[in-house]
Every structure is written in C-alpha cells, then in structure tokens.
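Note that the protein sequences, when read in sequence, are chains A and B. Quick note on the working numbering: the first sequence kicks off at 1 and runs consecutively. Quick note on the working numbering: the second sequence kicks off at 1 and runs consecutively.
Since the hints were derived computationally from the structure, they do not count as laboratory data. A few of these clues could be false.
To be verified - To give a feel for the contact side, a few chain A residues facing chain B, derived at Cβ under 7 Å:
1. Ala39
2. Phe45
3. Tyr48
4. Gly58
5. Phe60
6. Asn97
Backbone N, C-alpha and C fix where the C-beta goes; we use that ideal spot for every residue, glycine too.
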Amino acid sequence: GQNIDQPTEMTATEGAIVQINCTYQTSGFNGLFWYQQHAGEAPTFLSYNVLDGLEEKGRFSSFLSRSKGYSYLLLKELQMKDSASYLCAMYGGSQGNLIFGKGTKLSVKP
Amino acid sequence: EPEVTQTPSHQVTQMGQEVILRCVPISNHLYFYWYRQILGQKVEFLVSFYNNEISEKSEIFDDQFSVERPDGSNFTLKIRSTKLEDSAMYFCASSQEGRVAFFGQGTRLTVV
Numbered sequence: 001g002q003n004i005d006q007p008t009e010m011t012a013t014e015g016a017i018v019q020i021n022c023t024y025q026t027s028g029f030n031g032l033f034w035y036q037q038h039a040g041e042a043p044t045f046l047s048y049n050v051l052d053g054l055e056e057k058g059r060f061s062s063f064l065s066r067s068k069g070y071s072y073l074l075l076k077e078l079q080m081k082d083s084a085s086y087l088c089a090m091y092g093g094s095q096g097n098l099i100f101g102k103g104t105k106l107s108v109k110p
Numbered sequence: 001e002p003e004v005t006q007t008p009s010h011q012v013t014q015m016g017q018e019v020i021l022r023c024v025p026i027s028n029h030l031y032f033y034w035y036r037q038i039l040g041q042k043v044e045f046l047v048s049f050y051n052n053e054i055s056e057k058s059e060i061f062d063d064q065f066s067v068e069r070p071d072g073s074n075f076t077l078k079i080r081s082t083k084l085e086d087s088a089m090y091f092c093a094s095s096q097e098g099r100v101a102f103f104g105q106g107t108r109l110t111v112v
C-alpha cells in the first residue's frame, strides 16, 4: 500500500529556519511533491523531487532520500505569510494523480 | 500567469439533487484531475482524465460521479444524487505533462 506521514503541527519564529519532515511508503516511487495550502485556499505547488538530494528554490528547499523513504521541506527566513499547511504528496498512479499526506500546519510567530 | 479557474466558488444544494462543478484548465495542459477535501481532512484524489477519457479513478469516484470535457476548454464534475457526506471543497487541477499539477481555487459544496 501507500502511506505518507508528516507531523500535524509545528511552530516557528519569524526570521528562523524550519524543517518539515515527511516519510512515505510506496511500492513504486515516481516522485515526491510539496504543496503549500493556506486555510480555505487551493494547494500551491512548491517543489518536486524525483532523484536523491536537495532542490533549492529561493527560501524553500526540498530534500529526498529514496532509500530511506524520507523527504523534508526547509523554509528559511520565515515570514508571517508562511503560516500555512504544507502537504507532502507522492504519485498514486501512472497519470500523475497524487496521494497527499494530512499536512503539517505551520504557525509563524513574531 | 495562466491559472485553473473553477465555478461556482460556493454551491449549496439539497440532498438528492444533481450538481455540476465546472473547471477551465490551463489552456495547453493535457491532463485533468478532480480532488476533494472534506473540512479538516486531507486532499483526496477522485479522478484523472487524459485524451478524452478517464485514466484513473479512486474508490471514492463511484457511479454517482461522472466527468466530461464537453468542449475544448471546460472540464466538469457531475454528482448525480448528492449526499450529506459529499459536502467538501472540490478542486480541479491540470498538468501539461502529467507530472506537476496546478490547482484551481476550488468549489465549496454544501449539501443540506
């Protein structure tokens, strides 16, 4: 089967760095995604990893280890607007449909 | 920047009624999806659509659901006889290559 685990909630301080972890189990791996979702809004694509290593995009970086079934999203120089849920997702099939984790609700405090 | 658009933003319907949720995917995208998110729960895959046919569907997507691409721009989700448990946010998404999906703002469906 397929399963994704991530922490339910995290709190961090404005200007700091936070790391959100995600572990997954799947029989066939085709990529790991991170999306941001503000309350009541749509998920917004942040990053995609298919190979091991770190992908950097401005203040956001995502890391993947396929052998460990592990990924993390790193957010630097946190801003208040980064308060949101961060969703880890992986492919559920061959046509790009995604299996999402329950999301990690990040609260950034002054 | 191109975006996926969904209408209506909020729909209230009586139990047993049919609803049609509408989506206009990004124009050069080839893969289309519907997801739903019950309040406080995770985003769940419903169905994927490619080359004018359903390519994959989840267990949630039973006989009361159907999708259609009636013309070159719209993509619709029909729920034939709504139930209270169908109340959720429904997201349409599209992808150019079947990899990175971009989501619309969603339709909040409330069944009363």
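* Hint check against the structure, violated hint numbers in rising order -> 1, 4 and 5
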